[in-house]
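As they're listed, the protein sequences go chains A and B.
Start counting the first sequence at 1; every next residue gets the next number (this note's numbering).
Start counting the second sequence at 1001; every next residue gets the next number (this note's numbering).
Just so you know, these hints were derived from the structure itself, not from any lab.
A few of these clues could be false.
Rough simulated footprint, nothing fancy, chain A against chain B, three-plus residues with beta-carbon under 8 Å [what the hints assert, rightly or not]:
#1 1164 to 1174
#2 1178 to 1187
Far from chain A, by Cβ distances over 10 Å, these chain B residues were calculated [to be verified]:
#3 Asp1031
#4 Ile1043
#5 Ile1044
#6 Leu1051
#7 Lys1110
#8 Asn1222
#9 Asp1247
#10 Ala1285
#11 Ile1297
#12 Gly1368
#13 Leu1401
#14 Phe1409
#15 Phe1499
#16 Lys1500
C-beta atoms are modelled at their ideal positions from N, C-alpha and C, and glycine is treated no differently.
Residue-level listing of the chains:
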Amino acid sequence: MNAIIITAVWGIVMMFGGVFFKQKSTPKYWAIVGLVLTIIANGIELINQKSFFTFDLKNMLTFNSFNLTFIAVALLCTLLLFLLNGRDIEKVGNNVSEYFALIFFVLCGVSIAATFNTLLTLFLGIEILSIPLYILTASDKRNLKSNEAALKYFLMGSFSTGILLMGIAFLYGGNAATPSFYISNITIGAGKMPVMIAIGLVFILIAMSFKVSAAPFHFWAPDVYDGAPTVFTSFMATIVKAAGFIAFIRLFAYAFGTMLDQWQILITVIIAATLLIGNLTAVFQQSVKRMLAYSSIAQAGFMMFALFALNEFAKEGIVLYTAAYSLATIGLFAILIKMNDYTIDGFNGLAKQQPVLAFTATVFLLSLTGIPLTAGFQAKLFMLIAAVKDGHQNWLVIFAVLCAAISAYYYFKVIQAIYFKESNTLATQDWDITPAFKILLIITASLIVVLGIFPTLITDWLHYFL
Amino acid sequence: MDPKNISVTFPHVLIFFPLMAGLITFLFKKDAAVKSWALFSSIITLCVSLLSLYYANDSALSGLAFNYEWLKYLGASFSVSLDGMGRLLTFLTAISFPVIFVATYNTNYKNANIFYGLLLLTQAGLMGVFAASDALIFYFFWELAIIPVYFLCSKWGGEKRLQATFKFFIYTFTGSLLMLVGIIYVYLHTAPVYDVAHAVISEHSFALSYFYAAQLSANQQNWLFWLFFIAFAIKMPVFPFHTWQPDTYEQSPSAVTMVLSGVMVKMGLFGVIRWLLPMFPLAVAKFDNVVILLSIIGIVYASLLATRQDDLKRLVAYSSIAHIGLMSATIFTTKQIGLEGVMIQMFNHGINIIGLWIVIEIIEMQLGVRKISQLAGVAHKAPVLTIMLVVIAFANIALPLTNAFVGEFMMFSGLFQFNVWFAVAALVSIILAAMYTLNMVQKVFYGTANSLTDTIKEISVNEQVVLSIVVVAIFLTGIYPQPLFNLTKDTVIDIITRFK
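Using the sequences plus the hints, can you model the full thing?
Rendered as structure tokens:
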């Protein structure tokens, strides 16, 4: 609860503060302060199991250690984003404090989407986190790609929201018991699902798959990620996607968990399509930014295994995956922003010019591939254990690891460019890097290695209280 | 020094000392200091390994196992232990690195601190694979041994190094991932772990003993067998997964090739013996003919290709496939004499092939070419080198009095006991080995020297020392192999009893 209130309030503070801030660099510091406050408040709530605010929510939101730990991870990753990319956010345009305000509103939506207990609050959370993103995507106003990306995102996003609402309506009306929005009250009676519930489930599945860019509803993602300013792509591809997944899993586990065998085939097809399309297309990308966009689709395929299995390993795995994937991707995008040339060849010879950037980029790429000793491996391990434990569709697990092997190809292409190829252009580039930036990158890389050896640092918190 | 007072144990020193030494090596600046430090630390590792062999018969010594709780609720712990085969292979790893460092002492590598650091990290990874008694740790070290090799080959290799190393890495990575799925599946079928009060600590366990005890039906064993076997087959390599090997061996720098062929291929053989055979006996009984057939096809195919090779490195690469193919075929016969032969041959093959690579490295360093067609009459100006090489070549053919003879004789006995026709087909490889090896020796070393080989100088002291060590080892183990048998007896008996 703390996170929801404080992010909403701080967002408004940033928005109106923009009138009073004199210098361009002030909003960044206010944003960091606000985010730190939110993290502390959320942490206090996690430890004390009680929020500062008591409202009669009529059980529309639930706060347990799982939700709060996820929110903590999301907030910490956003803090990392601010610290690494604060100066780059200032470079996007003139309305700097509005950008931060919008990010805070997105975080508010993330918190609601992680803790919802009724379909209406699910809708509220998803919308609150989506609408500011449409604006953020468009913030590079003079760039045609940014405008196109925003329009694409907005139109397709609104369309999918409509489908979501329709699905909610069907679930409400088709409930075997008295109609209710509470997800724990959704019952189907014995035997197969009634038609209305089935339609509702499929519509919601389509809408949520759109939000997390799972195939075949992923077509917006590469263009939007490519067109948006890289800083906001970094935010969208990691934290927002993870929030989408948490909402997805929460809904399906509570509402449809008992009928898993009836809809598992849909998830199987989605996972197979996502992994295949994401990995195969990423192989052919020349631009690292687009490659990372497709890679995020491929990683989303892995994260969908949590929906496939819905057991303990899956739930722990999704939070671990969020952390591992966000840290690595935020780090990579932070390095990417500093390069002039976004193509793979643009990375040639980075090791000679900027050894720290090269080394940390390698750690991030190894984590995304899933090499042991990195958090990415632990995350994939948990997902694979969850999927094998479920016992159905074992071929899907083999297919997933084969796609992970394909992913090694395009991640290692970048490592090869960094270390083993000579460059002409990088030597003359003007680097806008502070020592603090390098230190932060090293801290992030160390975190990834530490989590790779001790994933229990995060997973222990998930069982703190229920 | 009372062995019972040792509070650190052999396997975990063997892993962490090279790891620390490797990390420290990155900090050095001067090349000479780097080489001395690398050599010094690898010799210390060798001494630790010799100590572990010395105390091998002291069963009261608990210093051969080390267990540290890691992911308790998952059932994974950092547990490493050494049995006979483990001690043999860690000894092979420990002795290879000083030999390699001495042999390449005069070669100057750019950024030597990173080169030697990565090599020492590879050693740590290899030790970890051989010592692991927890499946997750095994997988960790299995992957981690390859990462430094990837960087070593890509940076210091030959012209086409990037493609060759990339292919090697993706190939091996795919196999490892399939093995990971297999590991997870077996993990989920292990029994729960209880503490002293019979409360459940974790639902399943990654520990080796739990993996051995997992109850798997014949159907499950069948497809799990293939998941694991593909990973090991890519590593060894066994036909048809061998295509990465000749290119990688040719393109990688010599020191790395020595590590790859001398020690790293043993990871695959070790994996089969330690993990595959005990866990899936029903599947082994079902697929043994298939695997042996594939191995033998590989032996004959590789030997035939070796006879056509002009490049020395590729010739040795194909010869290595043939030797390893024989070992992998013999393992699946599960006959006692065959398995004993495999054990000592793992060690012998490592020594012999490192010797071969050292000679090739010397020739390439001095003359700049590796092609048989361009070399002739090296013996005129470098007789010592030639004598050493001839002995190693005889070991490659498995002539009696050399170490390889003992191993191969026993392996063929095992294969013969299993199926006469397989043995006959495999024996063809000995003839072919004699053909290509002696052909190479005659063309390169004897005959009239041409203008290029006239410039060769006699080998230097350090090279003489290491080659002498190799030659002595060849004869010693050829005449008196009993210590190696005693060392690995417990592992062989363990496997045989499973298949009775």
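- Beyond 10 Å from each Cβ of chain A, as asserted for B:Lys1500: Nearest chain A Cβ is 32 Å from B:Lys1500, so the label holds.
- Whether B:Lys1110 stays farther than 10 Å from all C-beta atoms of chain A, as the label says: Nearest chain A Cβ is 12 Å from B:Lys1110, so the label holds.
- Would you check whether the claim that B:Ile1297 is not at the interface survives, using Cβ distances to chain A and the 10 Å cut-off? holds (25 Å)
- Message: Quick check for students: does the CB of B:Leu1051 sit more than 10 Å from each CB in chain A?
- Response: holds (29 Å)
- Message: Verify this label for me: B:Asn1222 is non-interface relative to chain A, using a Cβ-Cβ cutoff of 10 Å.
- Response: holds (13 Å)
- Query: Is the Cβ of B:Phe1409 more than 10 Å away from each Cβ in chain A?
  - Reply: holds (40 Å)
- Closest CB of chain A to the CB of B:Asp1031 still more than 10 Å away: The assertion about B:Asp1031 holds, with a minimum of 19 Å to chain A.
- Message: Please check whether the beta-carbon of B:Asp1247 is more than 10 Å away from every beta-carbon in chain A.
- Response: holds (16 Å)
- Can the stretch 1178 to 1187 of chain B be counted as covered by chain A under the rule of three residues or more with Cβ-Cβ separation shorter than 8 Å? Holds: 6 residues of the stretch 1178 to 1187 of chain B have a Cβ under 8 Å from chain A.
- Query: Minimum Cβ separation between B:Ile1044 and chain A greater than 10 Å?
  - Reply: Fine: 25 Å to the nearest Cβ keeps B:Ile1044 off the interface.
- In terms of Cβ atoms, is chain A entirely out of 10 Å range of B:Ala1285? Holds: least Cβ distance 23 Å, greater than 10 Å.
- Item | Minimum Cβ-Cβ distance from B:Ile1043 to chain A exceeds 10 Å | holds (27 Å)
In summary, this structure violates none of the numbered hints.
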